[in-house]
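Starting from the known structure of chain G, arrange chain Z on it as the hints suggest.
So you can see what is in the structure, the chains are spelled out below.
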Amino acid sequence: MNGTDQRPLLELRGLYKSFGAVQVLHDVDFSINPGQVTALVGDNGAGKSTLVKCISGIYSHDSGEFRFEGRPITIHGPRDAADLGIEIVYQDLALCDNLDIVQNMFLGRERRRNAVLDDPTMEQMAAETLASLAVRTVKSVRQQVASLSGGQRQTVAIAKAVLWNSKVVILDEPTAALGVAQTAQVLELVRRLADNGLAVVLISHNMNDVFAVSDRIAALYLGRMVAQVKATDVTHGQIVELITAGRSGDLGLPPQAEAAVAMDANGVDQ
Amino acid sequence: MTALRTPADATGVEAAPLSSYVNGYWSRVRGGEMGALPAILGLIVLCTVFSIVRPAFLTAGNFANLLPQGAAVTVIAMGLVFVLLLGEIDLSAGYTSGVCAAILALALSDYDLPWYLAILAALVTGTVVGFVLGSLVAKVGIPSFVVTLAAFLAFQGVVLLLIKGGTIISIQDPVILAIGNKNVPPVLGWVLFALGVGAYAAVQLLRIRGRQRRGLTHDPLSLVLIRVGALAVLGGWAVYVLNQERSRNPAIVSLKGVPIVVPIIVALLVILTFVLKRTGYGLHIYAVGGNREAARRAGINTDRIRISAFVVCSTMAAVGGIIAASRANSVDANTGGSNVLLYAVGAAVIGGTSLFGGKGRILDAVLGGAVVAVIDNGMGLMGFSSGVRFIVTGSVLLLAAGVDALSRRRAATAGLR
Numbered sequence: 001m002n003g004t005d006q007r008p009l010l011e012l013r014g015l016y017k018s019f020g021a022v023q024v025l026h027d028v029d030f031s032i033n034p035g036q037v038t039a040l041v042g043d044n045g046a047g048k049s050t051l052v053k054c055i056s057g058i059y060s061h062d063s064g065e066f067r068f069e070g071r072p073i074t075i076h077g078p079r080d081a082a083d084l085g086i087e088i089v090y091q092d093l094a095l096c097d098n099l100d101i102v103q104n105m106f107l108g109r110e111r112r113r114n115a116v117l118d119d120p121t122m123e124q125m126a127a128e129t130l131a132s133l134a135v136r137t138v139k140s141v142r143q144q145v146a147s148l149s150g151g152q153r154q155t156v157a158i159a160k161a162v163l164w165n166s167k168v169v170i171l172d173e174p175t176a177a178l179g180v181a182q183t184a185q186v187l188e189l190v191r192r193l194a195d196n197g198l199a200v201v202l203i204s205h206n207m208n209d210v211f212a213v214s215d216r217i218a219a220l221y222l223g224r225m226v227a228q229v230k231a232t233d234v235t236h237g238q239i240v241e242l243i244t245a246g247r248s249g250d251l252g253l254p255p256q257a258e259a260a261v262a263m264d265a266n267g268v269d270q
Numbered sequence: 001m002t003a004l005r006t007p008a009d010a011t012g013v014e015a016a017p018l019s020s021y022v023n024g025y026w027s028r029v030r031g032g033e034m035g036a037l038p039a040i041l042g043l044i045v046l047c048t049v050f051s052i053v054r055p056a057f058l059t060a061g062n063f064a065n066l067l068p069q070g071a072a073v074t075v076i077a078m079g080l081v082f083v084l085l086l087g088e089i090d091l092s093a094g095y096t097s098g099v100c101a102a103i104l105a106l107a108l109s110d111y112d113l114p115w116y117l118a119i120l121a122a123l124v125t126g127t128v129v130g131f132v133l134g135s136l137v138a139k140v141g142i143p144s145f146v147v148t149l150a151a152f153l154a155f156q157g158v159v160l161l162l163i164k165g166g167t168i169i170s171i172q173d174p175v176i177l178a179i180g181n182k183n184v185p186p187v188l189g190w191v192l193f194a195l196g197v198g199a200y201a202a203v204q205l206l207r208i209r210g211r212q213r214r215g216l217t218h219d220p221l222s223l224v225l226i227r228v229g230a231l232a233v234l235g236g237w238a239v240y241v242l243n244q245e246r247s248r249n250p251a252i253v254s255l256k257g258v259p260i261v262v263p264i265i266v267a268l269l270v271i272l273t274f275v276l277k278r279t280g281y282g283l284h285i286y287a288v289g290g291n292r293e294a295a296r297r298a299g300i301n302t303d304r305i306r307i308s309a310f311v312v313c314s315t316m317a318a319v320g321g322i323i324a325a326s327r328a329n330s331v332d333a334n335t336g337g338s339n340v341l342l343y344a345v346g347a348a349v350i351g352g353t354s355l356f357g358g359k360g361r362i363l364d365a366v367l368g369g370a371v372v373a374v375i376d377n378g379m380g381l382m383g384f385s386s387g388v389r390f391i392v393t394g395s396v397l398l399l400a401a402g403v404d405a406l407s408r409r410r411a412a413t414a415g416l417r
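Sequence lines, in order, name chains G and Z.
For the first sequence, the numbering used here assigns the number 1 to the initial residue and increments by one for each residue that follows.
For the second sequence, the numbering used here assigns the number 1 to the initial residue and increments by one for each residue that follows.
Chain G extracted, bound-state conformation:
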């Protein structure tokens, strides 16, 4: 994992977002690099989901600057994000149980030939994508998603995100509902995405997962980005302190700011 000195793929500067009177994101800087897994950690209500939704265009932000591959950009809606190659795998998966793997992976972006669905091509592409991710756990791409296990569903959701030559894949708690073996499978897949050159953002509460796959860790505390560090430079305990207190040693918020933040932060719920 080469260092963080390369040019970031996506860079956010000074991002502010409020819902009415509640300031959810406060001067957030965030950058993600190709070929790396960036873990986004933070306690409930720290603003992780809001940050992701601002990136994906579901929420508009109040102020702040977005740069993609060095160019300044604006994201007005999910379409803009998708056009840039930013794909999000939501916690609740967003798969249709009554459709098969191929149909789910191409949903909304089906291949057509003379207005008719081009099933063979889609089936081939889906199989190739799964093979490129070295997924060996699904029997047939024509299986209904209803018949898949939690880990397999997560795999399909992730494969769906990378099918489109995407550059950034954001995973919202991909292992939250999985068992030990399936978690290992999904984490392996996450690592492979980054090794294939994608910029991966992993939102997780599980420190073991975070340290298992991430190159960099970004910690949010009450709507503020308190640290973006290399995973090898910090310990488990330091990250927990950053999440819960906003600072750890010389990392994170300066002591007086920390107190001020904690005081005006009652009401942040996102």
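Treat the hints with care, as some may be off.
Claimed, not checked - According to the in silico footprint, chain G covers these stretches of chain Z (three or more CB under 8 Å from chain G):
| id | region |
| --- | --- |
| 1 | 212-225 |
| 2 | 286-293 |
| 3 | 311-320 |
| 4 | 375-388 |
As the list claims (entries may be wrong) - Listed next, with one range per pair, are the computed distances between beta-carbon atoms:
| id | chain 1 | residue 1 | chain 2 | residue 2 | range |
| --- | --- | --- | --- | --- | --- |
| 5 | G | G150 | Z | L160 | 55 to 65 Å |
| 6 | G | V180 | Z | S19 | 33 to 43 Å |
| 7 | Z | A238 | G | I58 | 51 to 61 Å |
| 8 | Z | G380 | G | T121 | 45 to 55 Å |
| 9 | G | R112 | Z | A202 | 17 to 27 Å |
| 10 | G | Q143 | Z | P143 | 50 to 60 Å |
| 11 | Z | Q244 | G | G150 | 51 to 61 Å |
| 12 | Z | A202 | G | D92 | 35 to 45 Å |
| 13 | Z | N301 | G | G14 | 46 to 56 Å |
| 14 | Z | G165 | G | T121 | 58 to 68 Å |
| 15 | G | I73 | Z | N301 | 21 to 31 Å |
| 16 | G | I58 | Z | A178 | 54 to 64 Å |
| 17 | G | N44 | Z | N301 | 57 to 67 Å |
| 18 | Z | D219 | G | I58 | 51 to 61 Å |
Please keep in mind that the hints were generated in silico from the structure rather than gathered at the bench.
Each residue gets a CB set at the ideal place from its N, CA and C atoms; glycine is no exception.
Here is chain Z on its own, set in the frame of chain G:
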């Protein structure tokens, strides 16, 4: 968990043997995915019982009667499948067909329009009704149950107003009358049959060839041959029987051939099945029915899909109304009323379309429509009063809905849903 078949190692993949398909089907049935099995078994049992109790049931004449009798309900059920696939319901489909039939009759009698313009007027009426109902459901957000229940009542009134109280508008136009009452010439019947079976076989074989060329798994040839063979035998037998002379007095008037509604239903079956299974629009209907939020996130305009399903449903109801009006030679206050809607919903559900959305086929409407028509016809022959017939049909609908609900539970425990 075996390895995924990638194109690289798929070169050696041949069609799986027939036995594995049989096993796969059987395990799906046991897992609660019964599909059309209950309808087919029910059809066999009902036909056997009625044939034994009333030999008149098994005559060519009765067979030829049965088909147009069930045609209107079957066509309405085909449209209902679209709405049911979304997990919605259209309770007004019956009276929508009545309104459209009344428009047709008025256009023919009061306005002296030619038959094709009258049909167009009826179809456009259905389309507009569907658009309004769908918009109320999708855009305003009123539950479809309430919207269509209100429409059910209102359209009953519209029919009464259109036919000015209790009068009966008779239909004289020979073309319209032919739809529900006349037969296809025997030779043309055989030609259509040959074309249909040939086209089906060609489509199936071409699909296998295409998938083979790309190294994808495909149905075994034997299975396809069995399907084509079954279609040829059943269809051929039906055409043969229907082409027999069934007039009591052939010297005065000859009565033979396949009823015209049969090719109409087959054509609708093929077209709508193609729309649902082979186009992006059809896939989006299933997606919205399966998980609306997922469909929305995938960029599908779910409102438009939902409105369009109601448009298809009401337009098909208009087609059903035209067939019903033609069959009855007239339109009255009861056209599309009484049991029509429940028979249509029953047909779709008995055929295997789920009331919970996301599961169903157009073929279900045809198979279920056949079950409903056989019950109605057979019990009529046995001399049961219409009271008993309603009770039995109601029970069958309840049974089908129960099978649907139980198979969902079974599928949930089997990990299929």
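Results for each hint:
1. With 3 residues carrying a beta carbon less than 8 Å from a beta carbon of chain G, the region 212-225 of chain Z meets the three-residue requirement, and the given coverage holds.
2. Counting residues of the region 286-293 of chain Z whose beta carbon lies closer than 8 Å to any beta carbon of chain G gives 6, which meets the minimum of three for the stated coverage.
3. Counting residues of the region 311-320 of chain Z whose C-beta sits closer than 8 Å to any C-beta of chain G gives 0, which falls short of three, so the coverage hint is violated.
4. Taking a C-beta to C-beta cut-off of 8 Å, the region 375-388 of chain Z contributes 0 residues in contact with chain G, too few for the three needed, and the coverage statement is violated.
5. A hinted range of 55 to 65 Å holds for the C-beta pair G:G150 and Z:L160, which are about 56 Å apart.
6. Distance hint check: the CB atoms of G:V180 and Z:S19 are about 37 Å apart, consistent with the given range 33 to 43 Å.
7. Take Z:A238 and G:I58: their Cβ atoms lie about 55 Å apart, and the range 51 to 61 Å holds.
8. A hinted range of 45 to 55 Å for the beta carbons of Z:G380 and G:T121 is consistent with their spacing of about 52 Å.
9. G:R112 and Z:A202 have their C-beta atoms about 22 Å apart, which keeps the hinted 17 to 27 Å range intact.
10. Checked against the hint of 50 to 60 Å, the C-beta distance between G:Q143 and Z:P143 comes to roughly 33 Å, which is inconsistent with it.
11. Taking 51 to 61 Å as the suggested C-beta distance range, the pair Z:Q244 and G:G150 conforms, at roughly 59 Å.
12. Hint check: Z:A202 to G:D92, Cβ distance near 44 Å, so the stated range 35 to 45 Å holds.
13. Here the CB-CB span from Z:N301 to G:G14 is close to 35 Å, at odds with the stated 46 to 56 Å.
14. With their beta carbons about 60 Å apart, Z:G165 and G:T121 fall inside the hinted range of 58 to 68 Å.
15. Between G:I73 and Z:N301, the C-beta spacing of about 25 Å keeps the proposed range 21 to 31 Å intact.
16. Restraint check, G:I58 to Z:A178: a C-beta distance of roughly 57 Å satisfies the suggested window 54 to 64 Å.
17. Evaluation of the 57 to 67 Å hint for G:N44 and Z:N301 yields a failure: the beta carbon distance comes to about 34 Å.
18. The given range of 51 to 61 Å is broken by Z:D219 and G:I58, whose C-beta atoms sit roughly 42 Å from each other.
The structure does not agree with the numbered hints 3, 4, 10, 13, 17 and 18 stated previously, though it agrees with the rest.
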